[in-house]
Amino acid sequence: MTSATADTRTATTASQRTPVFQILANDIKALGVECVFGLMSDDTALFATALDTAGVRFYGARHENAAIAMADGYAYATGRLTIAVVGRGPALANGLHAAVYASRTSSKLLIIYGEAPVGGAPNGLGPDYKALDGVGVLRAAGLRTFTATSPEGARQTLADAVAAAMTGNAVSLHLPTNVQTAEIVETGDPPTLPKRSYAPAAATPQSIEAAAAVLAKAKRPLIVGGLGAHKAGARQALEKLAERVGALMVTTARGKDLFRGNPRSLGIIGSFSHSIARRMADQADCVLVFGAGLNFLTTSFGTSLPKVPLIQVDTLRANIGRWLNADVAVVGDARLVAEQLLAVLPERSPADKPFHAADTMRLIEAFHPQQDFQPANMPRTIDMRTLGLELEKILPQDRNLVVDGGNFLGIVPYLSVPDPGAFKMIGDFASIGLAIGAALGVAKGRPDRTTVTVIGDGGFLMTMGDLETVVREDLPMVIVLMNDCAYGAELHFLKLRQQPVAKSVFPDVDYAPIAAGFGFDAETIRTVEDLQRVAPRLRNPEGPIFLDCKLNADVAAAFMSEFANHGH
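Residues in the sequence shown are numbered from -8 upward in steps of one, following our numbering.
Keep in mind that the hints were calculated from the coordinates and are not lab data. Note that CB positions come from ideal geometry on N, CA and C, so glycine has one too. Treat the hints loosely; a few may be bogus.
Said to hold, decoys possible - Computed cross-link-like contacts, DSSO-like style, restricted to lysine-lysine with a CA-CA straight-line distance of at most 27 Å:
id: 1; residue 1: 384; residue 2: 344
id: 2; residue 1: 231; residue 2: 186
id: 3; residue 1: 20; residue 2: 186
id: 4; residue 1: 231; residue 2: 298
id: 5; residue 1: 344; residue 2: 208
id: 6; residue 1: 344; residue 2: 210
id: 7; residue 1: 231; residue 2: 121
id: 8; residue 1: 210; residue 2: 231
id: 9; residue 1: 231; residue 2: 208
id: 10; residue 1: 298; residue 2: 208
id: 11; residue 1: 210; residue 2: 298
As the list claims (entries may be wrong) - Between beta-carbon pairs, the in silico distance windows are:
id: 12; residue 1: 369; residue 2: 456; range: 29 to 37 Å
id: 13; residue 1: 297; residue 2: 507; range: 13 to 21 Å
id: 14; residue 1: 144; residue 2: 488; range: 54 to 62 Å
id: 15; residue 1: 144; residue 2: 313; range: 33 to 41 Å
id: 16; residue 1: 181; residue 2: 36; range: 21 to 29 Å
id: 17; residue 1: 534; residue 2: 340; range: 52 to 60 Å
id: 18; residue 1: 181; residue 2: 159; range: 17 to 25 Å
id: 19; residue 1: 292; residue 2: 46; range: 31 to 39 Å
id: 20; residue 1: 81; residue 2: 369; range: 42 to 50 Å
id: 21; residue 1: 253; residue 2: 70; range: 23 to 31 Å
id: 22; residue 1: 369; residue 2: 44; range: 50 to 58 Å
id: 23; residue 1: 144; residue 2: 499; range: 54 to 62 Å
Generate the whole structure from the sequences, applying the supplied hints.
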């Protein structure tokens, strides 16, 4: 072989060598991922830029918590694999709140972190000032972690992390900087998304027989539908079942508006109930639950459901009895189980359906949520329940609704959504301050709908910087700031225990000019008249709108007082 030939081969080999960060970006593009969310750091900047250049749009947030919450919101809205990219050390610590939250939402989420180089300090000059055992921290927080320890193994590690995320879990992938920047010859095919076909499973004949035997003795059954019932497409089957057995229907908070428009629907059961739901639930002699976990909010700490036979239907056996004991466990798909019950339960005469009697139906039809309270509007503050009823009439009906955690959650029963998939409540980690990030992701995943974000002043101040992200992306988002000038939940917690509340109360800051400075169409709302003045813009938002709603701080949501009574 001549020296010229050897030089040509060397040049050819060198030209085929590609940085690992570019190869991984190309692999993510090949997976069909259209966008990623993040906040770049020195250890992820090359990778993030490579993704964007490869055609995987990089949406940058102003805080790591918001970036990860954005990814989770997008995954929730689309059901697709979603990726967040953030840095190591302080960046990982900043986003830990959202990472733990996301790990509990069953989203297909992969969080990619930069990492210190394998085998040495980042700059070779001394200790790593960003040092943090991020893998150990995330494992302790409950996330499954993957680390690319060599350039040659990085593609397979990415594929393994993607496969884990596709099972419906938030997982982390850690990319050391020297692994990212190493140049290797790209070999083999890019990874593909695992083919995970979900085949709905019917229940065993024995469990159907047991459930049918209990229902046969019930005169006033109550059907509870959760988010799992919505995901199973069970609405029609459950409505037919309710008609067959003479049941009334309620939902969990996450199953919100599953039966919207049905005359036998009572709304949400539990801590978010209207009085009509509580009144009728108390009369039930059997409870049949589909795709719902029956957590403490659904059961109001065990008080919202009567002590009657309870049948719980879920695709996962481990979910049954997790929060509340079930008398009959039925493992199966919500829609298929409802159809199985329809096949074995006989028709009933009208006399055997007291819940469907004319006087009961008239009572339900005549109910209006405004009957549940006396408005406590003041000259400079508004009752949150009144606010909810007015927003319900004004805001676009075809909307996404994202609600942060806080004392203002009493507004939830007063705002409707097209279906449970359009509603996201940030409660999996008892967290506040993640709603704006999550709403950004939801808005990107469902851009055809206006996204309404409800957040308290405490949570808002934790995430105010990402107002800039909303404006930069020019999203039709309405942010409703529920401003009671306090950490409201803590205020009521202290009041119930006759303790000083001064440290939970804050000055009345006017946030509308601040939001306007970011580029929002912003207004301060103190009265119903203020809200009516901005109604034309709210009915058809053309860009970001911000409402600083000054709440009557003396009006506490009933469930929050109950929450404080049972411990915080």
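Hint by hint, here is what the structure shows:
1. 384 with 344: violated (34 Å)
2. 231 with 186: With a Cα-Cα distance of about 33 Å, the restraint between residue 231 and residue 186 is violated, given a limit of 27 Å.
3. 20 with 186: holds (17 Å)
4. 231 with 298: holds (25 Å)
5. 344 with 208: The hint holds at about 12 Å.
6. 344 with 210: Judged against 27 Å, a Cα distance of about 6 Å means the pair holds.
7. 231 with 121: Violated - the C-alpha atoms of residue 121 and residue 231 are around 59 Å apart, more than 27 Å.
8. 210 with 231: Measuring from Cα to Cα gives roughly 16 Å; hence the hint holds.
9. 231 with 208: holds (19 Å)
10. 298 with 208: Answer holds: residue 298 to residue 208 is near 15 Å, not above 27 Å.
11. 210 with 298: holds (15 Å)
12. 369 with 456: 29 to 37 Å: holds (32 Å)
13. 297 with 507: 13 to 21 Å: violated (51 Å)
14. 144 with 488: 54 to 62 Å: holds (56 Å)
15. 144 with 313: 33 to 41 Å: holds (38 Å)
16. 181 with 36: 21 to 29 Å: Given a distance of about 23 Å, which is inside 21 to 29 Å, the answer is holds.
17. 534 with 340: 52 to 60 Å: holds (57 Å)
18. 181 with 159: 17 to 25 Å: About 23 Å separates the Cβ atoms of residue 181 and residue 159, which means 17 to 25 Å holds.
19. 292 with 46: 31 to 39 Å: With a Cβ separation near 50 Å, residue 292 and residue 46 fall outside 31 to 39 Å, so the hint is violated.
20. 81 with 369: 42 to 50 Å: Holds - the Cβ-Cβ distance for residue 81 and residue 369, about 43 Å, lies within 42 to 50 Å.
21. 253 with 70: 23 to 31 Å: holds (25 Å)
22. 369 with 44: 50 to 58 Å: holds (55 Å)
23. 144 with 499: 54 to 62 Å: Taking Cβ atoms as reference, residue 144 and residue 499 lie about 57 Å apart, which means the hint holds.
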